[in-house]
Structure formats: structure tokens, C-alpha cells
Amino acid sequence: MTQGDVIILLRGALWTVLRLGAPLLLTSLGVGLIVAIFQAATQIHEQTLTFVPKVLSIAFLLLVLGSWMLTNISDYFRMICMQIIAL
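Residue numbers for the sequence shown follow numbering that gives the first Met the number 0, so the first one is 0 and each next one is one higher.
Hints are computed from structural coordinates only; laboratory data are not their basis. Even for Gly, the Cβ is constructed at its ideal location relative to N, Cα and C. A few of these clues could be false.
[Claimed, not checked] So the derived label-pair ranges between C-beta atoms look like this:
#, residue 1, residue 2, range
1, ALA12, LYS53, 45 to 51 angstroms
2, GLY11, ALA35, 32 to 38 angstroms
3, VAL63, TRP14, 20 to 26 angstroms
4, GLN38, TRP67, 28 to 34 angstroms
5, ILE79, GLN46, 36 to 42 angstroms
6, LEU19, VAL54, 17 to 23 angstroms
7, ARG77, ALA39, 43 to 49 angstroms
8, GLY31, MET78, 33 to 39 angstroms
[As the list claims (entries may be wrong)] Straight-line alpha carbon distances no greater than 20 angstroms define the calculated SDA-like cross-link-like pairs of lysine to any residue that follow:
#, residue 1, residue 2
9, LYS53, VAL34
10, LYS53, PRO22
11, LYS53, GLY29
12, LYS53, THR41
13, LYS53, VAL63
14, LYS53, ILE43
15, LYS53, ILE33
16, LYS53, ALA40
17, LYS53, SER27
18, LYS53, LEU24
19, LYS53, ILE36
20, LYS53, ALA35
21, LYS53, LEU64
22, LYS53, LEU28
23, LYS53, LEU23
24, LYS53, GLN38
25, LYS53, GLY31
26, LYS53, ALA21
27, LYS53, GLY65
28, LYS53, ILE72
29, LYS53, SER73
30, LYS53, VAL30
31, LYS53, LEU25
32, LYS53, PHE37
Kindly generate the complete structure, drawing on both the sequences and the hints.
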């Protein structure tokens, strides 16, 4: 296995991680921003008010996108296994 092969595998791993993590992170960021604006407008500074909506939105997103995420991870794993077999 050459350095080029390793770089290709690492690039694929980083791309897969970004593709799978971005929807969760962006949803958490959006919900946090909305809750922060609500807290600033009402001057309610409760810690659970920021935590619960984020957890619920990420849990919902995992229910909706879970099969897509699992498919992407398994495809990448299958590709890595094929690379190992080719060696």
C-alpha cells in the first residue's frame, strides 16, 4: 500500500465523517441559535431550555436519517474491505 492509497482512504474517511456529522451538527447549531434568541428575548436563562430541544431534535434526526447514515458507513467499510482484499 503506497502513501497515495493511504491518503485516498483518509480522504474518504474524513469525507464520510463530515457527510454524516454535518446534519447533526447543523441541526444542533440551528436549534441552539433559536433557543438563544428566545432566551435573550424573554430573559429566561435556564440550562435545560437549551439542552432538551437539542437532544430531541438530534434524536428525531437520527430516527429520520439513521438508515442513510448506516448505509454510508457500511458502504465505506465495504470499500475498505475490498481494498484490503486487493492487497
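Results of checking the hints against the structure:
no. : hint                              : in the structure
1   : ALA12 x LYS53: 45 to 51 angstroms : violated, 26 angstroms
2   : GLY11 x ALA35: 32 to 38 angstroms : holds, 35 angstroms
3   : VAL63 x TRP14: 20 to 26 angstroms : holds, 22 angstroms
4   : GLN38 x TRP67: 28 to 34 angstroms : holds, 32 angstroms
5   : ILE79 x GLN46: 36 to 42 angstroms : holds, 41 angstroms
6   : LEU19 x VAL54: 17 to 23 angstroms : holds, 18 angstroms
7   : ARG77 x ALA39: 43 to 49 angstroms : holds, 47 angstroms
8   : GLY31 x MET78: 33 to 39 angstroms : holds, 34 angstroms
9   : LYS53 x VAL34                     : holds, 9 angstroms
10  : LYS53 x PRO22                     : holds, 13 angstroms
11  : LYS53 x GLY29                     : holds, 9 angstroms
12  : LYS53 x THR41                     : holds, 19 angstroms
13  : LYS53 x VAL63                     : holds, 15 angstroms
14  : LYS53 x ILE43                     : holds, 17 angstroms
15  : LYS53 x ILE33                     : holds, 10 angstroms
16  : LYS53 x ALA40                     : holds, 19 angstroms
17  : LYS53 x SER27                     : holds, 6 angstroms
18  : LYS53 x LEU24                     : holds, 10 angstroms
19  : LYS53 x ILE36                     : holds, 14 angstroms
20  : LYS53 x ALA35                     : holds, 12 angstroms
21  : LYS53 x LEU64                     : holds, 16 angstroms
22  : LYS53 x LEU28                     : holds, 9 angstroms
23  : LYS53 x LEU23                     : holds, 10 angstroms
24  : LYS53 x GLN38                     : holds, 14 angstroms
25  : LYS53 x GLY31                     : holds, 7 angstroms
26  : LYS53 x ALA21                     : holds, 15 angstroms
27  : LYS53 x GLY65                     : holds, 17 angstroms
28  : LYS53 x ILE72                     : violated, 24 angstroms
29  : LYS53 x SER73                     : violated, 27 angstroms
30  : LYS53 x VAL30                     : holds, 6 angstroms
31  : LYS53 x LEU25                     : holds, 11 angstroms
32  : LYS53 x PHE37                     : holds, 14 angstroms
When the structure is compared with the earlier hints, violations turn up for hints 1, 28 and 29 and for no others.
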